[in-house]
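**Q** Read off the chains here:
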Amino acid sequence: MGARADHHVALRVSEMDRAIRFWEEALGARVVSAPSLREGPFIESVFGEGTRVTVAHVAFDANALELWEFHEPAHPIPPADQAAVGQMHFAVTVDDVPATVARVEAAGGRTRFPVKQLAGGEDSAQFVYCEDPDGHVFELLSRSHPETVAIINARQGT
Amino acid sequence: MDHHVGLRVENMERSIRFWTEGLGGALQNEPVERGGGYFDQLFGPGSRIRICYVTFDAGAVELFEFVEPRRPVASSDQTGDGLMHFGVHVDDVDEALARVEAAGAKRRLEIQHMGGRPDAPRFVYVESPDGHVFELMEADTAGTVAQIHKTIALLAEQAAASDG
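Sequence order for the protein chains is A and B.
Just add 1 to wherever you are in the first sequence, counting from 1, and you've got my numbering.
Just add 5 to wherever you are in the second sequence, counting from 1, and you've got my numbering.
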């Protein structure tokens, strides 16, 4: 069975315009579907009676974010405590981790700790956990997923 | 940004079975227990975790079972959580749904057509045994965006008709 698990990641955001600006400026996303208000029977069948939500899509070189600003129900966005939430983070491969961190910070994001090196020597992947202005955690890595797995498996001797 | 999605799980072996049997993932490494070093900074002093990767035709999930601190995983509330769900492109929603349900998933709603339009590709929200929500979709990302544009145009037409 073919499962391509890079269709999109959905994030709830508190201010749509700020969120779009952040992902454009921080990671070079482009808006592929402009914010649009959704309400009525279909959206209520998915999220409950009375739901009103603005939805937009931004895309990257691979994968996309689906951004949801709920007007009704409007709950605050909880902080993403990595040891307490279920969906912890999503990860992004970039060419230059420190340069991307500078862009993320200039766009209103922050890092959770300084840039680190995966165990496995100087040529292993650089990585860092970042937060967007709503506190969603995303990880920047200097290596692709297959390369990262190879580094981990080499370390384990498997 | 198709490197991976990190999921906290309560029972690593159950979760590996789920993501490999349910969605056809490939286990890339046996779970390994990690702690100390940068994990103290990542997750708090004294944290200990078991980690592994499961990969798909595209994308991956990184599974984390926290040995310390050990807290229950809450079932995802789509209008209350920050990270809501992730989408998975499959060829046949019926077949994929049958497989994930056989592996222990629950559907959150019945299979729907995108935008509620009968001619549109289908999708369904399902949850893993830990309550993580993911979406099975019969269109790829570009195809889904095209469907959204159709839905928005239709909603605008309906609004104009009711105004007129």
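Watch out, some of these pointers could steer you wrong.
What the hints assert, rightly or not - Computed Cβ-Cβ distance ranges for the label pairs, DEER-style:
| # | chain 1 | residue 1 | chain 2 | residue 2 | range |
| --- | --- | --- | --- | --- | --- |
| 1 | B | 147 | A | 145 | 20 to 26 Å |
| 2 | A | 147 | B | 103 | 38 to 44 Å |
| 3 | B | 123 | A | 62 | 17 to 23 Å |
| 4 | A | 104 | B | 114 | 34 to 40 Å |
| 5 | B | 75 | A | 112 | 24 to 30 Å |
| 6 | B | 122 | A | 3 | 20 to 26 Å |
| 7 | B | 155 | A | 99 | 37 to 43 Å |
| 8 | B | 148 | A | 22 | 24 to 30 Å |
Said to hold, decoys possible - One-sided excerpt, in silico: chain B residues whose CB lies under 8 Å from chain A:
| # | residue |
| --- | --- |
| 9 | 6 |
| 10 | 9 |
| 11 | 49 |
| 12 | 51 |
| 13 | 72 |
| 14 | 87 |
| 15 | 94 |
Claimed, not checked - Partner residues are not named here, just some residues of chain B that face chain A (Cβ under 10 Å, in silico):
| # | residue |
| --- | --- |
| 16 | 7 |
| 17 | 8 |
| 18 | 21 |
| 19 | 40 |
| 20 | 78 |
| 21 | 89 |
| 22 | 95 |
| 23 | 109 |
| 24 | 120 |
| 25 | 130 |
| 26 | 139 |
| 27 | 142 |
| 28 | 146 |
| 29 | 153 |
| 30 | 154 |
Calculated from the structure, these hints are not laboratory results.
Note that CB positions come from ideal geometry on N, CA and C, so glycine has one too.
**Q** Please go over all the hints and tell whether each is borne out by the structure.
**A** Hint by hint, here is what the structure shows:
no.: 1; hint: B/147 to A/145: 20 to 26 Å; result: 22 Å, holds
no.: 2; hint: A/147 to B/103: 38 to 44 Å; result: 30 Å, violated
no.: 3; hint: B/123 to A/62: 17 to 23 Å; result: 34 Å, violated
no.: 4; hint: A/104 to B/114: 34 to 40 Å; result: 38 Å, holds
no.: 5; hint: B/75 to A/112: 24 to 30 Å; result: 27 Å, holds
no.: 6; hint: B/122 to A/3: 20 to 26 Å; result: 25 Å, holds
no.: 7; hint: B/155 to A/99: 37 to 43 Å; result: 42 Å, holds
no.: 8; hint: B/148 to A/22: 24 to 30 Å; result: 27 Å, holds
no.: 9; hint: 6; result: 4 Å, holds
no.: 10; hint: 9; result: 5 Å, holds
no.: 11; hint: 49; result: 6 Å, holds
no.: 12; hint: 51; result: 11 Å, violated
no.: 13; hint: 72; result: 11 Å, violated
no.: 14; hint: 87; result: 5 Å, holds
no.: 15; hint: 94; result: 4 Å, holds
no.: 16; hint: 7; result: 3 Å, holds
no.: 17; hint: 8; result: 4 Å, holds
no.: 18; hint: 21; result: 15 Å, violated
no.: 19; hint: 40; result: 12 Å, violated
no.: 20; hint: 78; result: 5 Å, holds
no.: 21; hint: 89; result: 4 Å, holds
no.: 22; hint: 95; result: 6 Å, holds
no.: 23; hint: 109; result: 16 Å, violated
no.: 24; hint: 120; result: 7 Å, holds
no.: 25; hint: 130; result: 7 Å, holds
no.: 26; hint: 139; result: 8 Å, holds
no.: 27; hint: 142; result: 6 Å, holds
no.: 28; hint: 146; result: 5 Å, holds
no.: 29; hint: 153; result: 5 Å, holds
no.: 30; hint: 154; result: 7 Å, holds
The structure fails hints 2, 3, 12, 13, 18, 19, 23 (numbered hints given earlier, in ascending order).
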